[in-house]
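Residue strings, one per chain:
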Amino acid sequence: MKNEVESGQNNKKALINRARTVGWLLFLLAILVFVKLIRVQYYDEFKGKTWAEYSAKNDLKLDTIPAMRGNIYSNDKSLLATSLPYYYIGLDTKVADSTYFDEHIDELSSLLAKSFGEHTAAGYRSKIMRYRVSKTKRYLRLKSREISYLDREKVKKWPFFAKHKKGGGGKFETIYKRYKPYSPMADRTIGGIDAKSGRGYIGLEASFDKILEGKSGIGWVELVEGGMKIPVGDALNVQPEAGRDVYTTLDMKVQDMAEIALRRKLNEMDADFGSVVIMEVKTGEIRAMANLTKRGDHKYEEVFNYALAGSNDPGSTFKLATMMAILEETKMDPDKIMVNTGNGAMRFRSNIIRDAHRGGFGTITAAQVLEKSSNIGIVQLMLRYFADKPDQYLKYLKQFHLTTPTDIQMKGEKPPLIRDRTSKQWSSYSMYYMAHGYEMQMTPLQTLALYNAVANDGYWVRPMIVKEIRNAEELEDKMEPYVEEKPICSPETIRKVKKMLEGVVNNGLAKHIKSDLYKIAGKTGTARKLINGIYTEGKNYTSFAGYFPADKPKYSCIVVIDNPKSSGADYTRYAGSVAAPVFKEVADRIYASEVGIQKPVIDSLPAESKAVMWAGRTSDLKVISKELKLTPAPEDAEYAAASLYKKGKTNWKKTDLGSKDVPDLQGMAMRDALYLLENKGFRVTFKGSGKVVEQSLPPGANQSGGKTILLTLQ
Amino acid sequence: MPENKPITKNVDWIVVLIYIACLAIGWVNIYAAVYNPEVQTSMFDVSNNAGKQLMWIGTAALLIVCILVIDYKFYETFSFIIYAVVIALLVLVLFAGSNINGSRSWIKIGAFSLQPAEFSKLAISLAIAKYLSDPAISLTRKLKDYYPIMGIIALPAFLILLSNETGSMLVFASFAVVLYREGMPGFIPAIGMVMAALLIITLLFVKWYIAGAIIIIAGLAIWIMPVMTRRRGGLWATILVSLVMIGIVFGVDFFMNNVLQKHQRGRIMVLLDPDSDPRGIGWNVIQSKIAIGSGGFAGKGFLQGTQTKFDFVPEQSTDFIFCTVGEEHGFIGAAVVVFLFVCLISRLVILAERQRSRFARVYGYCVAGIIFFHFMINVGMTIGLMPVIGIPLPFFSYGGSSLWSFSILLFIFLKIDAQRPFTLSRG
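Same order as they appear, the protein sequences are chains Y and P.
Residues 2 to 715 in my numbering are what the first sequence lists, from first letter to last.
Residues 9 to 435 in my numbering are what the second sequence lists, from first letter to last.
Same shape as in the complex, but just chain Y (with noise of 0.2 Å):
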């Protein structure tokens, strides 16, 4: 054919042959085509047999593939909670040939002894022939629990599991197990999923179960021994579509901080329970939210969440809400107005309302009643202002948002219980009892929203946990802080209210717990524990309530600690002794870790500083100066020395006078000052280490070489 078209003559000719032969090809594929068409229709063994008896006699089943879940993370980015897989790992007796089979069944079996050790080899290789042969059976899981990622890698170098273009028949199932990198910490808040379903049963897992879990994909498997679900065939009917990841607001060093103070506490107490929350002011992102629960002696273990949902009677926590109200209700000047407090013990009606303090406050001035936590004092407010008008305290407590949940973003928060004049219970007391902290049930969340609202001038803000819901690192949603935009009270209320708070740390119940460096604002509350209906003495649930640093309030904080036990005396298992110290440790360890929110150096320098900074070669301090950003080091001399001004300005002093002169070495390294003297003549001793502090001849002593000078430095 390849001559006939080079000989150009009948080239025409030639390719309409060509047509033909194309023609005949696609004609013969066709016929190809209907011929096994008819083969697979007559002839193959599946010929009229249904897919659904295929599949009853194959175990197959239609099943969903679990999609991937999705991880939690904690504010700095760090993994909370992940799904790792893990292998079942089995073997299709049948796949393999004999000669592939005969070749590496000895190696398989010695490394299944030697790895697994379930059997011993010749026992792997027995049970793997009787699989092989068998009519009925054909699969065998080779170990009965699941494997890691690592010895999988391991596995997929074996014979049978490795590639191998016969195929050696190995599988393995993948099943993906949580796993929460920083457990136990943060146990309770974080949650955990139920190993059956694969759903989120308690915490976050729960509340964002439906974003983590993605969607299911839909694929045949093949059910075998073991309840070991193979997929079938290397297409999924749906694909499944990975969870989506949730960007928490926590903190694992703030969470850590929380933790180990409250653990401490517990244990010291021998307390029931203990709960710390920490919150930003501004934003109401949770930092830390550590719940134990005492599980046995000194055991103390995340079980449950008290700060969403333990609900108690609050005790004095609450009195700031009532000076709130009664503040907002007169427009009084505290600090005017006097109760008398008595002898400390005073007969309401029926009942005796005391104070914690023997032998009673006598007459104090409103801002202490709060400060020293007077039950008598705020009673004695209530019936000067709001006896006949139960309904507008209410209304307060009511527009100070303590009458309605949070709504923050987990499940499960219990709402605030606060009866109204239409409940069965309400009877002409329980306003009384409501102003300390009684006859209500709220949780520490909802106590603290209170407080950070103070903390933020009066914008109540919504706790939240979670900022951002990402699939993969795409950003899906982010929330936004919810701040109310209404205040809940009145600047001067809440003016007033600080200054009471920050009172009672500095010269009220909790004293112990004022700071040199930050101010502390809050209130302590102990409230007896409500038993079998009776207010019982001696049991004691004790908090800690509020924010820091008290100028510039960056947090908010609650300690809740239940039924602490010692042996002293009663002022010891009050929230002073009790909950106020962790309050304090926690405050004082983010204060120390942040620097942001510690006061600037700066504004404690006086306006002008003799106290010299740095001191060197100027080539060298030009560069700190240009990297601080401050003043730049002097051009024209060789070394220079920088004190500091207010507002970060530097005031520079050339040091190297003239010549034969003693330099002024303060502030300088022993390098710098060593090569200095020495250019100069001078022999140096030295003791300490550091800078230089002392020398002993003075700067601008004109002394000629020879003269031995004596640093001192630290």
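Read the hints as simulated data drawn from the structure, not as lab findings.
Predicted model only: the values in this text are computed from it and were never measured.
Mixed in with the good hints, there may be bad ones.
Which stretches of chain P does chain Y cover? Using the computed rule of at least three CB atoms under 8 Å from a CB of chain Y, they are [claimed, not checked]: (1) 246-255; (2) 389-396.
Distance windows between CB atoms, simulated [what the hints assert, rightly or not]: (3) Asp152(Y) with Ala96(P): 47 to 53 Å; (4) Cys351(P) with Leu85(Y): 54 to 60 Å; (5) Ile17(Y) with Leu151(P): 19 to 25 Å; (6) Leu85(Y) with Val214(P): 38 to 44 Å; (7) Phe52(P) with Ser116(Y): 58 to 64 Å; (8) Ile225(P) with Asp152(Y): 56 to 62 Å.
Think of the CB as a built atom: it goes at the ideal place given N, C-alpha and C, for glycine as much as any other residue.
Based on these hints, arrange chain P on the given structure of chain Y.
Quick look at chain P alone, frame taken from chain Y:
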């Protein structure tokens, strides 16, 4: 003026009728494939694939009207520009494409996604036809005339490979038919076939045995040939050919074990022995064969196919649509579909042969070749004749991109063909 005759007079109605029949049967079967007895939706409901396909059919009809209205010279004049536009889309999709099932080859416009790779066949066909329409080009004599053709095919092939859509790329093999018809020496496709045969043999036997067999055959040839043909000098050529063949055998072995991905290797292995991995890669083929086999002679009846209810075959409304036909309409239904394709392709070859311009003939062969290749691979894979390569069955499979591209491909040819009486022969 004869040109003013309405297009309806000259258009080839046989092809149009087959086209309509294919669309109608395809649409009904897509409905059967997605039909769920528990959640019944109408054929016209756009929430299911059948309803969506109807929408695609409607839009395709609009496209066809446009194609028939546009002057036929447009396609020849603008063929390289169309080619350039499609290449640009293929590049675009690499950067801006959405990832669906692991291949980044879709452009999303609102709720619709288009796959530019589907349109590369059209672009290559036009470009090859335009290039070969130059009478100075000869495929019989000048090797350098092949280079542009190789370039025309290789560029989109490379881009498609980058977007991980190998199925579409394999279709380009169908251009060999066109080139052969236009004078490509017969030994080139012959080498291709020998390669394919060696590939399969290598998979079945140990490579050393094959090498030995080739050496024995070569030895026999050297010994017998001079006696048979009275020609000498074939010695070195024979040795060279055998060495090349042995090289291929080892190359295939290397290729299979080291180059191909696991699932690709599996698909070829399954072709040779579906039972080698019945729960793995062999699954689709076995299930598909069961579906077709269980249909029997007359089928189970419309919407009675159990595979729909149990969703046994993946991709049933797209790549495995032929199963639905085979199961519900049995041998008769499957035979009708095969018959429709045979008629369509033969008619296209006949139409191509009667063209007066080389451009039209080459283009016609391209269309016939592409449709044939798709038909062969797609139907072949559902009955276990071909490896599982995910390419659609023209006019039947669900999918807007493929329906559009095949409709455009076909109707451009019909438009050109309709103008045939008024075209001068150019060779």
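**Request:** Take the C-beta atom of Phe52(P) and the C-beta atom of Ser116(Y), compute their distance, and say whether it sits inside 58 to 64 Å.
**Result:** At roughly 59 Å between Cβ atoms, Ser116(Y) and Phe52(P) fall inside 58 to 64 Å, so the hint holds.
**Item:** Stated coverage of the region 246-255 of chain P by chain Y [criterion: 3+ residues, CB within 8 Å]
**Value:** Coverage by chain Y is violated here, the residue count being 0 at a Cβ distance below 8 Å.
**Prompt:** Is the hinted range of 56 to 62 Å satisfied by the C-beta distance from Ile225(P) to Asp152(Y)?
**Reply:** Once the Cβ atoms are compared, 49 Å apart, the range 56 to 62 Å for Asp152(Y) and Ile225(P) is violated.
**Asked** So the hint says 38 to 44 Å: do the beta-carbon atoms of Leu85(Y) and Val214(P) match that?
**Response** With Cβ atoms ~42 Å apart, the hint holds.
**Asked** Is it true that Ile17(Y) and Leu151(P) lie within 19 to 25 Å of each other by Cβ?
**Response** holds, 24 Å
**Request:** Would you check chain Y against the region 389-396 of chain P, counting CB to CB pairs closer than 8 Å, and say if three or more residues qualify?
**Result:** Held - the region 389-396 of chain P has 3 residues with a Cβ nearer than 8 Å to chain Y, which meets the minimum of three.
**Message:** Quick check on a hinted range of 47 to 53 Å for Asp152(Y) and Ala96(P), using CB atoms only.
**Reply:** Given a distance of about 49 Å, which is inside 47 to 53 Å, the answer is holds.
**Prompt:** Quick one: are Cys351(P) and Leu85(Y) within 54 to 60 Å, going by C-beta?
**Reply:** Hint holds: Cβ distance 58 Å, inside 54 to 60 Å.
Hint check: violations occur at hints 1, 8; the rest are consistent with the structure.
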